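Asks: Heads up: the sequence lines are chains G and Z, in that order.
Throughout the first sequence, residue numbering follows the numbering used here, covering 1 to 113 in sequence.
Throughout the second sequence, residue numbering follows the numbering used here, covering 1 to 114 in sequence.
Since the hints were derived computationally from the structure, they do not count as laboratory data.
Owing to the predicted nature of the structure, the values given are computational and were not obtained by experimental measurement.
There could be a bad hint or two in this list.
Claimed, not checked - SDA-like mimics (lysine to any residue), calculated; alpha carbons at most 20 Å apart, straight line:
no. : chain 1 : residue 1 : chain 2 : residue 2
1   : G       : LYS2      : Z       : SER58
2   : G       : LYS42     : Z       : ARG41
3   : G       : LYS42     : Z       : ARG9
4   : G       : LYS2      : Z       : ARG9
5   : Z       : LYS78     : Z       : GLY97
6   : G       : LYS42     : Z       : SER58
7   : G       : LYS2      : Z       : LYS68
8   : G       : LYS42     : Z       : PRO61
9   : G       : LYS67     : G       : ASN7
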Amino acid sequence: QKEVEQNSGPLSVPEGAIASLNCTYSDRGSQSFFWYRQYSGKSPELIMFIYSNGDKEDGRFTAQLNKASQYVSLLIRDSQPSDSATYLCAVGDVTGGGNKLTFGTGTQLKVEL
Amino acid sequence: DAGVIQSPRHEVTEMGQEVTLRCKPISGHNSLFWYRQTMMRGLELLIYFNNNVPIDDSGMPEDRFSAKMPNASFSTLKIQPSEPRDSAVYFCASSLGLSPETQYFGPGTRLLVL
């Protein structure tokens, strides 16, 4: 059973600070990694994806991947109250001709004024 | 453009009743996914289709669950008979091909089985 682990939080950070969200995965062969944001009562929306080791930046968001350690993280710079949400880590599985995602249970982020 | 459309948005039913959830994918998307989200288990993939054909149904919890995609613009997820432990939010998502980068979620159906 492939597993994706996240700390459920809540992670509280002050406005303007850097929020660091972490995720570990069990399948060493995993090749694709995704971060989704989910506001309370809403559906998940994709905010970042990363395939290669290292960092990938998009605006205030940076995804970091370390395949050797089976670890992926999401950094949010200059955190805003509107970033308060649950962040879901997902790992892709391309076996069997498909591309299915296994999700972690999410980390709740609270950005405080 | 309209996103993924799901109906109903809320459903309350009694144990033993049949429940049918409906989904209309984004026009032009040829892959469709059904997910279930609970506090305990998080977001789980139940089944997905590519070009109307089921590719992987290993996430379907048991025979009480069935899903169909009769055409490119419509899919159903049926639970018969329903049980209280089926209470969850059910999301439908669609994508262009099987690429997760193009996967968009619908608003979800919140199901409560009494």
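Asks: Does each hint hold? Answer for all of them.
Replies: To see whether the hints hold, each was checked on the structure:
no. : hint                : result
1   : LYS2(G) / SER58(Z)  : holds, 13 Å
2   : LYS42(G) / ARG41(Z) : holds, 17 Å
3   : LYS42(G) / ARG9(Z)  : holds, 12 Å
4   : LYS2(G) / ARG9(Z)   : violated, 31 Å
5   : LYS78(Z) / GLY97(Z) : violated, 24 Å
6   : LYS42(G) / SER58(Z) : violated, 26 Å
7   : LYS2(G) / LYS68(Z)  : violated, 26 Å
8   : LYS42(G) / PRO61(Z) : violated, 24 Å
9   : LYS67(G) / ASN7(G)  : holds, 19 Å
Hint compliance for this structure: hints 4, 5, 6, 7 and 8 are broken, all remaining hints hold.
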